[in-house]
Amino acid sequence: MRSISAAALRSFFSVESDDSLIALFTFEPQESPAQSPIYIADNYTKRLTNNNPDLYGVDNTLVYGVTYKGQDYMFLPVQITLPNDDNSSAPKATLTIFDVTYLLTETIRSITGPVKVTIELVLRSLLDNNTTNMAVTPEVTFTGFYITNFTYNAQQVTADLQMIDYATEPFPAYRFIPAYFPGIF
Amino acid sequence: MPVPVWPPSLPQYPERNYSETLGVNVIRTPMDSGPAKVRYRSNRPQTLNVQYTLSKTQVDTLETFLLTTIKGVLRFSYPHPRLSSGTTYVMREVRVVPQQDGQLFTLQYVAPDYYKIGLQLEILP
Chain A
1 MRSISAAALR SFFSVESDDS LIALFTFEPQ ESPAQSPIYI ADNYTKRLTN NNPDLYGVDN
61 TLVYGVTYKG QDYMFLPVQI TLPNDDNSSA PKATLTIFDV TYLLTETIRS ITGPVKVTIE
121 LVLRSLLDNN TTNMAVTPEV TFTGFYITNF TYNAQQVTAD LQMIDYATEP FPAYRFIPAY
181 FPGIF
Chain B
1 MPVPVWPPSL PQYPERNYSE TLGVNVIRTP MDSGPAKVRY RSNRPQTLNV QYTLSKTQVD
61 TLETFLLTTI KGVLRFSYPH PRLSSGTTYV MREVRVVPQQ DGQLFTLQYV APDYYKIGLQ
121 LEILP
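Just so you know, the protein sequences line up as chains A and B, in that order. Here this note's numbering is used: the first residue of the first sequence is 1, the next is one more, and so on. Here this note's numbering is used: the first residue of the second sequence is 1, the next is one more, and so on.
None of these hints come from the bench; they were simulated from the model. Mixed in with the good hints, there may be bad ones.
Below, a list of computed lysine to any residue pairs in the SDA-like style, where the Cα atoms sit at most 20 Å apart [stated by the list, open to error]:
#1 A:K46 <-> B:M91
#2 A:K46 <-> B:P112
#3 B:K71 <-> A:V100
#4 A:K46 <-> B:S42
#5 A:K46 <-> B:V3
#6 B:K37 <-> B:G23
#7 B:K37 <-> A:K92
#8 B:K37 <-> A:K46
#9 A:K46 <-> B:I123
#10 B:K116 <-> B:T64
#11 B:K56 <-> B:T106
#12 A:K92 <-> A:L123
#13 B:K37 <-> A:E28
#14 A:K46 <-> B:P45
#15 B:K56 <-> B:I123
#16 A:K92 <-> A:E28
#17 A:K46 <-> B:T106
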């Protein structure tokens, strides 16, 4: 069972809360190891470019974000469409990232294989702007998602998130049929 | 590339009718009954409405600064009218908020060679 901290529960249920959850997305390309992971946050606590003026290869671009476990997460507005209850296929979620600045588009174009996605929800109050936040514990971590499809236009990047659907894998994996074993027929 | 600075040849303080808005981004969720739930989300830009009376030369300087130096979109360092005192300027990074159809400022004739300029600026968090 997932355990959520008392501070997060208080933040959820109180009538007025000075705290909120920040969703942190880590995209790790699997088939191109040289490709660096992409780190996106759906909110910001500070400017990232104050420390690194050439962040993301764009000089003097104003980039907001958070620092979590020593890593800078770039702020881009993100919208998630949660999976439906259709039992005939694996749950599929849709992630829409509003990237009018093209900070993400160039990286996405170079991805050639499936991308592993980790989603972490962190309390904003735990993120200290002056440290690397190495010891911060996420409230919830979602792993095991893969992006199966990317589409993008001038305003947004849309990604389909899917888990590996073992239930619909063929079983047994191989059968003695002419297509697999032509020599025995 | 360094952030451009508000030209020193222009007035460092706006005239009267200066106004300022402050706030934060909040999520306000109405409930079926009872008070709405309110959550803090992040800092938001603060808006400044400033007016200057400029000579024709200063208008040219402002026009060059807005159209050429910052091209209407780049942020620049600007002396905050409320936080600055005397010649001790507290600088903030601001952008011009274009009005309808991308208008950067309004210009009104006051007297020969003098014009009144109105600008809306936003302080970036």
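So, going through the hints one by one against the coordinates:
1. A:K46 <-> B:M91: holds, 18 Å
2. A:K46 <-> B:P112: Answer violated: A:K46 to B:P112 is near 47 Å, above 20 Å.
3. B:K71 <-> A:V100: Between B:K71 and A:V100 the Cα gap is close to 19 Å, so the pair holds against 20 Å.
4. A:K46 <-> B:S42: holds, 9 Å
5. A:K46 <-> B:V3: Holds, because 18 Å separates the two Cα atoms, which is no more than 20 Å.
6. B:K37 <-> B:G23: Distance of about 17 Å is within 20 Å: holds.
7. B:K37 <-> A:K92: Distance of about 30 Å is beyond 20 Å: violated.
8. B:K37 <-> A:K46: violated, 25 Å
9. A:K46 <-> B:I123: Within the cut-off at roughly 14 Å; holds.
10. B:K116 <-> B:T64: The given pair, whose Cα atoms are some 17 Å apart, holds under the 20 Å limit.
11. B:K56 <-> B:T106: holds, 14 Å
12. A:K92 <-> A:L123: violated, 26 Å
13. B:K37 <-> A:E28: Violated - the C-alpha atoms of A:E28 and B:K37 are around 36 Å apart, more than 20 Å.
14. A:K46 <-> B:P45: holds, 13 Å
15. B:K56 <-> B:I123: Not OK: B:K56 and B:I123 at ~27 Å, beyond 20 Å, violated.
16. A:K92 <-> A:E28: holds, 18 Å
17. A:K46 <-> B:T106: The hint is violated at about 33 Å.
This entry does not satisfy hints 2, 7, 8, 12, 13, 15, 17, going by the numbered hints stated previously.
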